[in-house]
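Enquirer: The residues making up each chain are set out below.
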Amino acid sequence: MYDVPLSHVLFVSTALFFIGMYGLFTRRNMITMLMALELLLNSVNINFIAFNKYLYPGKLDGVFFTIFIITIAAAEAAVAIAIIINLYRSHKSIDIESAAELKF
Amino acid sequence: MTASQVLFYAISTVILGSGILAVTSQRIFRSAIWLLLCLVGIAGLYFWMQVEFIAAVQIVVYVGGIVVLIIFSIFLTQESGKELPKPIMRRTVFALLATLFGFAFTYNLVYGHGFAAPTGEAFNVSVAEIGTQMLSTTNNGYILPFEVVSMLLLSAMIGCIVIAMKPPSNKNAGADMLFAQDVPGTRLITPGVVEPDLISEEV
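Sequences listed follow chains E and C, in order.
For the first sequence, the working numbering begins at 1 and goes up steadily by one.
For the second sequence, the working numbering begins at 1 and goes up steadily by one.
Check before you lean on any hint, since a few could be wrong.
Think about it this way: if two alpha-carbon atoms lie no more than 20 angstroms apart in a straight line, the pair counts; the simulated EDC-like pairs of lysine to aspartate or glutamate are [as the list claims (entries may be wrong)]:
(1) K82/C <-> E97/E
(2) K82/C <-> D95/E
(3) K59/E <-> E129/C
(4) K59/E <-> E52/C
(5) K92/E <-> E83/C
(6) K86/C <-> D95/E
(7) K59/E <-> E121/C
(8) K86/C <-> E97/E
Everything labelled a hint here was simulated from the structure, so no lab data went into it.
Could you put the whole structure together from the sequences, leaning on the hints where they help?
Expert: Listed below in structure tokens is the structure:
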């Protein structure tokens, strides 16, 4: 188990974080932006679990943070999808450029 | 190379590959399926780290809940087979530069930081241990965040219903349109607009 160093696990989570960030920068469809956001949250979860396991195996704080992040991510996704569906009803589009009334 | 190492690198390849495809695929439904594979891969990584409870939660909440929600909203809001418009070149180039630079910078910091070697202490994450500590009111207990999160979930649920509810005025307009379609001889050319000469013809 510990024959993989911590920095390799952190490589995966860092790469996943920046993949999500790339998606957030390039996508203009709200649902795909939401997917990129889920990747960001997941990379943070991997970090918490890996630090908990490798550096503080006697404690459980990383596990609890992960549980709470997953809970909040579920609430956030539900609210975001409600907003997207409402926006689609009024604008007939979920492109982020079409929702510009509150821009300035 | 031990079996555990081989397993880790295989899982990592799946996670990163499907993650890249999830953010670059031009068809939104395929993108959602790649996201699903990526989340299952992350659950596999948790299994590899022997945190089975978190892996189960990951599969139940993310794969069973959030991805299904995303797929439903894709079906509700757009034609899933249609290709998304390609992002403009300048934005792609700058996003790529920003993420590559950010990744190099961050990983350089992580790599240069000397982490303490694993102590070899046993990592006990049984469900009993998690439940006891989460609901304890003494030191290191997580009962307060637990209650706060339950309130957050409740308010998010109510908020979702309120946001996604149809306003009553729209419902009446919809009923009127339905009625107009049912009346023989009136044809709707565009929703809500009835051509007057068609009606007078019938009368």
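Enquirer: Each hint should be assessed against the structure and marked as holding or not.
Expert: Going through the hints against the structure:
For the hint linking K82/C to E97/E, the alpha-carbon distance of about 19 angstroms falls within 20 angstroms, and the restraint holds. Distance check on the hinted pair: K82/C and D95/E sit about 14 angstroms apart at the alpha-carbon level, within 20 angstroms; holds. At most 20 angstroms may separate the alpha-carbon atoms for a hinted pair to count; K59/E and E129/C meet this at roughly 10 angstroms. At roughly 16 angstroms between alpha-carbon atoms, K59/E and E52/C fall within 20 angstroms of each other, so this suggested pair holds.
Between K92/E and E83/C the CA atoms are separated by roughly 17 angstroms; this keeps the pair inside 20 angstroms, and the hint holds. At most 20 angstroms may separate the alpha-carbon atoms for a hinted pair to count; K86/C and D95/E meet this at roughly 13 angstroms. With a CA separation close to 10 angstroms, the supplied pair K59/E and E121/C stays within the 20 angstroms bound. Only pairs whose Cα atoms come within 20 angstroms are accepted, and K86/C paired with E97/E is accepted, the gap being roughly 14 angstroms.
When the structure is compared with the earlier hints, no violation turns up for any of them.
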